[in-house]
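Novice: So the chains spell out like this:
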Amino acid sequence: MYLVVFFVLPLYVILSVAFGTVDPTFQSAVPIYQPWFWSSRYVTLVVGDAFGYQRGVYVRTFIYVFVASLICVFIAYAVAYYVARFGGKRKGLFLTLLIAPFFVSYLMRMLAWINLLQPDGYINKVLGWIPLAPHNVNWLGGYPVTLVLGLVYGYIPYMILPFYGFLDRIQQSLLEAGRDLGASPARTFVRITLPLSRQAILAGVVIVSLPMFGDYYTHDLLSPSPKTTMVGNLLDSAVHSTGQGPQAAVLVFILMILLLVPMGYYLRSTSNELKVRT
Amino acid sequence: MKGPSTWYRNPWRKPHVLQVVTWGYLVWSLVPVLAAILISFNSGRSSASFQGFSFQWWAGAPQGDRQGSLFTSPELHAAIVQTVRLSVISMLIAVPLGVSFAIGLDRWRGRVAATANFWMLVSFVVPEIIIGVALFLTFTYTLHAAIKLGTTAQIIGLVAFQVSYPVIVVRARLLSIGKEFEEAAMDLGAPPRAAIRRILLPMLYPAIFASFALVFADVVDDFVTVRYLSGGSNTETLSVKIYSAARATPSPVYNAAATFMLFTTVLVIAVVYVLYKRFGRGQTASATEFSTQL
Chain H
11 MYLVVFFVLP LYVILSVAFG TVDPTFQSAV PIYQPWFWSS RYVTLVVGDA FGYQRGVYVR
71 TFIYVFVASL ICVFIAYAVA YYVARFGGKR KGLFLTLLIA PFFVSYLMRM LAWINLLQPD
131 GYINKVLGWI PLAPHNVNWL GGYPVTLVLG LVYGYIPYMI LPFYGFLDRI QQSLLEAGRD
191 LGASPARTFV RITLPLSRQA ILAGVVIVSL PMFGDYYTHD LLSPSPKTTM VGNLLDSAVH
251 STGQGPQAAV LVFILMILLL VPMGYYLRST SNELKVRT
Chain P
1312 MKGPSTWYRN PWRKPHVLQV VTWGYLVWSL VPVLAAILIS FNSGRSSASF QGFSFQWWAG
1372 APQGDRQGSL FTSPELHAAI VQTVRLSVIS MLIAVPLGVS FAIGLDRWRG RVAATANFWM
1432 LVSFVVPEII IGVALFLTFT YTLHAAIKLG TTAQIIGLVA FQVSYPVIVV RARLLSIGKE
1492 FEEAAMDLGA PPRAAIRRIL LPMLYPAIFA SFALVFADVV DDFVTVRYLS GGSNTETLSV
1552 KIYSAARATP SPVYNAAATF MLFTTVLVIA VVYVLYKRFG RGQTASATEF STQL
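Chains as they are written, first to last, in the working numbering: chain H, 11 to 288; chain P, 1312 to 1605.
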């Protein structure tokens, strides 16, 4: 057993280093392995694009992820708060229903929305009954609304459960104390519950926004139009066009650097938690 | 006098707004999926509206469709085979590997162990596209002489990050077990190897079964890494097929494929849950604990 660990562990570390940090300097499809020969040709190219004609894509990605995470926080917090504090006898049922989306793959859940949002789909039918609502919209034709909805729908379950886990652990006595001392429910919430859950909210935002930054499939499935391209799509299309390997590598690198801060925060908090538990 | 403001100020009123939000969320999160399942039994060709019940997209011969039905189309049949192949093989590699990592990391402290632990967590939080593209580049630029894109590359890629599931689940379990049992066994004269095999491993069965289910379900659903590392259309899994066809040529057959994946996953999880209950007896195995492990 120890032998396996001793043997495989360094191997795995080497592999992960090899996989994790692809050096961004392949020249005309020939990788350079010695760092002292690295050239900055492709890096300059891609970074130049990032500040040039592709800047919109980066800005857009940030906006979409920000808006989607914000919506996630509001809905997830409300739901988790309700289930944790007022779930009562139905808590088990609520939890089962909250966990259910985990069993359904992301793909299937997006497929469901493709069905619903088609021009002759049910969403347009329902909207058709409502006067003044937009009629016969091709929702899949590249609307930011659709994309953000898809992101929220796809990632919100990952936020609700940690929120629930946290809110469930807040001691009721603290809240009761706040109320006994004369604070209104709203004030108790703002002064006690919210400050206590700040860390959980931050962690939830990180959990949700990390995969959103690397997301390309929601765009591909729900709004395949250049108007809503995200950074993930740049990367994806670079991989699928021949000879653009270096560009893809640089994009991976850029994405890694962008995500370093939230990732570091998340890793530190989880390893702290592990330490506390041991 | 009972006006709206008194109602609003009543500290003991029920949280109606929150209740509405919660139920609204639950409906919103589950109904679209149910609709998609329903459409897989559509008798018409539309993937947007339900026109009547039939099994034609599952096993029949739907008229006027190039693809055919899920179980009769040779292309989708190959995809099913590839899905099962990838998920079973990577499950059989990733879980034993992960379990031994977990035991090793738990027992062995130091810089190397800390680094390995760090990489486990990294591969857990990094967006999958980064791992997928990095693997793709590694296989096409560095290892192309040894390993071509295809099943082998897919399995190596999947195992590389799926291994962190068993590590995390088993480590959590190890933390709650503690060291006493193993030490007692060794005090009673068992060599370390036997102590692990006879005492520790049986206690870890629930966690191990849970990781089997996790890895299996995740590989079945994966369409990022699998797509980047597939050599051609013959190594594409069901999920990759759905991904590439869902927008271009929507058809209820892809709903049937996705529903089939869902049923498979649920079936595997159910089987694992039964095993979990069986082997976890006397160890406070409950449904909620199981699902939190998932």
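Just so you know, the hints here were simulated from the structure itself, not pulled from any lab data. Some hints could be false.
As the list claims (entries may be wrong) - What follows is a list of derived Cβ distance ranges for each label pair:
{"hint": "1", "chain 1": "P", "residue 1": "Ser1354", "chain 2": "H", "residue 2": "Ile267", "range": "51 to 59 Å"}
{"hint": "2", "chain 1": "H", "residue 1": "Ala110", "chain 2": "P", "residue 2": "Ser1487", "range": "23 to 31 Å"}
{"hint": "3", "chain 1": "P", "residue 1": "Ala1495", "chain 2": "H", "residue 2": "Pro205", "range": "31 to 39 Å"}
By construction, the Cβ of each residue, glycine as well, lies at the ideal position given by its N, Cα and C atoms.
Novice: Against each hint, give a clear statement of whether it holds in the structure.
Specialist: Here is how each hint holds up against the structure:
Separation of Ser1354 (chain P) from Ile267 (chain H) is about 52 Å and conforms to the stated range, judged on CB atoms against 51 to 59 Å. At about 26 Å, the CB distance of Ala110 (chain H) to Ser1487 (chain P) agrees with the hint of 23 to 31 Å. For the pair Ala1495 (chain P) and Pro205 (chain H), the supplied restraint of 31 to 39 Å is violated, since their beta-carbon distance comes to about 45 Å.
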